[in-house]
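Using the sequences plus the hints, can you model the full thing?
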Amino acid sequence: MESTGGEERIPALRRLRSSSKREEKDLVLSPAENNNNRKRRASSKPAAKAAKKPKFYKFTTSPCIDCGANPLTAACVTAPDADFMDEPILLTDESLQLADLEHDESNGLPNLEVYDAKFFCKENHLCSIDSKLVETDKDLFMAGTIRAVGNSSTGIICQKSSTIGEWCVSGFGTDHVNLWVVSEFANYKVMSVANEYEPFFSNLLNMYHYANHLIKNMIESNDATLDEVLSDFSTSNNPLLTIPTLEDLVDYAQFIHDHVTAFFLQPYDDGTNDAHLLSLSFYREFCDLANLDARKKAKGKKVHIKKSKVPSITKATTTPVVNQAFSHVFEEHMSIVGKSLEHGKETSDEFAGKISEFEALPAKGREYVAGATLCKLNTNLDYIRNINIGQRSDRITVEAGTFIRFSCTSKLVVTGRMLETPYFGQVQYLVKARDGAGLEGHCHVRLFMQSHESILETMADKREVFGTISCIDVPFKDIQCTLPILYWMEYAKKAAPHQFYYKVYHELDSGAFISLPTPKDVAEKRGCYSCGKMEAEKLKNLVQPLEGPVKGFYYLGDVFCCDSFVLIPSLEDEKPKAPAKKTSKLDYSIYTEAFRKEKTRPPEVHYHPLDVCQIVAVDTEWKGRTQIEPSKVLLKVRLFRRAAQTNLKETEKMSHHLLFHTDRVIDIKAKDILGIAFVAHENFIKGKKEEWLNAGEKRFFFNCSFNKGTLSNNLPFLAKQCQGAVNPKTGLSTAPPDHMKPAKPLKTLDVFSGCGGLSAGLHAGGLTDSRWACECNIDAADAFRKNFPGATVFTQDVNGWLEEILNGKETNNLGQRYPKVGEVEMVVGGPPCQGFSLMNRYNTGFAARFKNSLVASYFSVVEQFNPRFFMFENVKNFSLTNQGLFLKSALACCLKLGYQFRYGVLQAGNFGAPQCRLRTVIIGAKIGNELPLLPKVQHTLDIPAFTLSLNGRHIDDGTTYGTLGEETYKSAPFRAVNVHDAIADLPDVPCGETDGTPKYLPVCSSFQHQMRRRSEVLKDHMTRNLSALDRMRVKLIPPEGDWRDLPNTRVKLEDGSTTVPLRYFTKKGKSGVCPCNLVPKGEQKKVVCVKPEKGSKTIVPWCLPHTADRHAHWAGLYGRVSLAGQFRTTVTVPEPMGKQGKVLHAQFDRCFSVRELARSQSIPDHFKLSGSMENRYRQVGNAVPPLLAAAIARMFIV
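First residue of the sequence shown: 1, per full-length UniProt numbering; consecutive thereafter.
Any given hint might turn out to be false.
Straight-line C-alpha distance at most 30 Å; calculated DSBU-like pairs for lysine-lysine [said to hold, decoys possible]:
hint, residue 1, residue 2
1, Lys493, Lys708
2, Lys354, Lys376
3, Lys1081, Lys1097
4, Lys1067, Lys1085
5, Lys533, Lys520
Here are the simulated distance ranges between beta carbons [unchecked claim]:
hint, residue 1, residue 2, range
6, Glu572, Gln544, 30 to 38 Å
7, Thr1058, Asn70, 34 to 42 Å
8, Gln627, Cys704, 36 to 44 Å
None of these hints come from the bench; they were simulated from the model.
Quantities reported herein were computed from a predicted structural model and do not represent experimental measurements.
The beta carbon of each residue, even a glycine, is placed where N, CA and C say it ideally should be.
In structure tokens form, the structure reads like this:
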């Protein structure tokens, strides 16, 4: 372009202008160019030179005032022909059969279909239907082929419709969503779009499908996690749908949220809506990740939605007693079936009886008449049958089994807790002075407490009283009155709601409730059960010498002698793990989030396992004593060393059963012994070593010595003869005892069975014979059926299944026979845990409360079948939620159903699983059966031990070595099973491949041998696919690192695209990826968040630093595990950006495979899974670790 005179002309621009609306002011020049023009116009002198070198100007054009497109680059439609027909004329065509068409009731217009559709503005620019032309009253038109609904004709071509006045999407909550547009003359359902319109439509289509997918899951799978919802996209049958990552969903979060809230907040005709579903945990997690308010209604955009009533959640089916026990917690979520005969009609809440209300005998004028003498107690006292106390007209009779209220000048304390007055208890026996009067005697009383004094507080039945483990001698003169407290079986027969009753005693230290003897047993014993128990416990903790040629002793329930192996506290101090060293060379301009790793928790403490020693000599002489304090018994022991206690290399890869013989002999006392161990020379192990190690508890082996830093095969002759144990009668080495197994397994029903992890462990422990299972998930039920082919598996909702049984049905619709009362000997199961799980950060909504109420369904199954035993398991938080409300309600329910029970929170890693997974366990035994103990821990973990606390009291569940507060509390015989132990024999597999046939690598740990028993072929070793961006992120994560170690750089991805650096804002020394990161917390909601441009890819995910400050820096997301550490809690979907994101392999650039996560759960390789890869991941994540279940099973004596 040339300058001619004082005016510059740019003819090319005129061709771009509209005669009616484009003007010269549309030209936009740079500031420098505008300044030059002003200078030229101000000059009166003509140009000095007529000819100049052409000068080119940089300019931009204004965007289209309708659609916002750039006129220079916008895609356009061909202008309609001069003779094109208007829409109303087209609709008169006979092929459309307009008179027969269905008309929409809301606007009276006919419903038609349009194919190869495209939408454009008045300037003929193609534009997205979501470009707000309709909302801002601007003209939007449509072109395409119109057909009648269901008509297969070629249709009629419409070159330009009338103005589109409305558009909407229908079908939310169903399998397909449909786009409708409304012109002035018809409603059009968009069946397909033109090829050239695909770029404007595919993104919108994806967003609507994403929103619909979430809506469907909120309706149908309200117990799903966000990771599971994301994985379900891969099962979509829509060929146009792009499978999103969690990051993609966050990018479209506002659009999705607008439509989800519009759908669930839209009222029905009766004024109700489905707002409660917006509180589902996975949706709240999604909104939190995107920094949105889950319950805030969308504003601005009109979303026309037609929907039917969302199906209401079925109430939990409960039996009468269970309904009463849980009514104050889940009343709105339970329905009751059947009638209750127990306890009469009055509820516990209506009972107002008090121990203090019973009238006492007058203190004056009492007479004491002793009953017949039964036998001698000692040289001065005799047992007597009873005593009559009172005046002639008002007497009471006190005998063994009678409950009395008594006075006492001192405060009575039971296990550190002061009892409330008035004091009362059950008489165990009565004695009087041999030659004395009736007054000169006392009764021995077992102390009782009222229900609110127990760990259950107000959850327990007010009418029930609990025994304690304490007793006291009460002089006859201190007796105030007798109390009409009935044994529970008599109470049930008499149906006397106005009386107290009893059946169990309460161990305050362990929290257990254990059955009491009947009144008849108390009367016949002529002694005290409580004193007998305490005496036995006292003897157990004293050294009792053994008679015979071998010098040995009985202590802690085991027999020890020379050459026996013992466990003692580790001689090494517990040391904190060294924190990661700072790298001075780290470039924080590239590793922009690495600073967050410095804000980590204090280093974890490394807990050493117990030391193993062999008794060399017993230095203490017995001198005829039968009981000796363990602190006075001196022993010489030979110290054996573990691999980690040597200077050998790669000790973490050596067996945790391996020991080394040493020459070091030390002195200890019997009180240092924490238990017995079984150690054998490798050559004396019969059969396969790994099978021998797993056949019993606390088994070790050795094959060489380690002295002064040197390994040697030279061992003493006797050391080579070690077979594992010592016969205390002969002193010779012998084989150790195997795990105890019941003579006959219990016929078992598994409720909420999943794939059968719990049943597999109980079966491996020899306890159960799985006969029945109930599981509503088809794939999980199929997996259970494959693993237990002899079981009847009901693929039904537990509530519907139970309701049919309670209503008398004998079979289901498939002809499967329901179990009958009396057939089921044990009920096991764990109701869904989403409402309790801390992994689920949002567990307070309506659906979460319903999931919690399924606990009542479980105990209703127990009430219906009345088995000898039951086992209930759930997540740790079940014991903690609402100050233990759910746990207390469940325990109170157990008492109402006539069960004694123990409970605790067990760590799966303590029992051989290579992961940290805490589970609440309740074990119940019908009164009359022996209540098992909880198993002692076998493996120590490098994490703080968890101690359950209720009402401010620590619960000592008896699973640990030593007592609370001692160092030994955190120790165990073996080190933890680590990631290397678990999966080092599994090869690498390509990310996303599901059809390969990988082969095992050589076995390198006893855990791997245990997992590979009965399995020759490696199955389920497949891993979920990742996007090209996520694959690159995984490659860039260093060993034991996470997302905070990612570089903020440009990287070329496998798909050919390139990432861009994440943009940071700065203000007053602070930086962040969004302006809201730069303001105080209280003002963040006032700041508009600035997201990266849609479609831009960044190595550092924008959503993580955006919300990291209020989520503990999202530590662990995109995290790699350590080979020497343990798996984090295994979840149902290994999503790197999920709630538990430490799911990356320690060495390979991928997520864990299904088989690797099954190993983390201690699920053996021969165990069969079913369904798609996503469903197999889910079955593994929901399973109970079989090794934990097996440890529990071995504690039963049946």
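Evaluation of the provided hints:
A threshold of 30 Å between alpha carbons decides the hint, and for Lys493 with Lys708 the separation of about 74 Å lies outside it, so the pair is violated. A distance of roughly 37 Å separates the Cα atoms of Lys354 and Lys376; the hinted pair therefore is violated under the 30 Å criterion. Restraint check for Lys1081 and Lys1097: satisfied, since their Cα atoms lie roughly 28 Å apart, inside the 30 Å limit. With a CA separation close to 18 Å, the supplied pair Lys1067 and Lys1085 stays within the 30 Å bound.
Note on Lys533 and Lys520: the hinted pairing holds, with a Cα-Cα distance of about 19 Å set against a maximum of 30 Å. For Glu572 paired with Gln544, a C-beta distance near 31 Å keeps the hint of 30 to 38 Å intact. Against the hinted window of 34 to 42 Å, the Cβ-Cβ separation of Thr1058 and Asn70 comes to about 24 Å, which falls outside the hint. A hinted range of 36 to 44 Å holds for the C-beta pair Gln627 and Cys704, which are about 41 Å apart.
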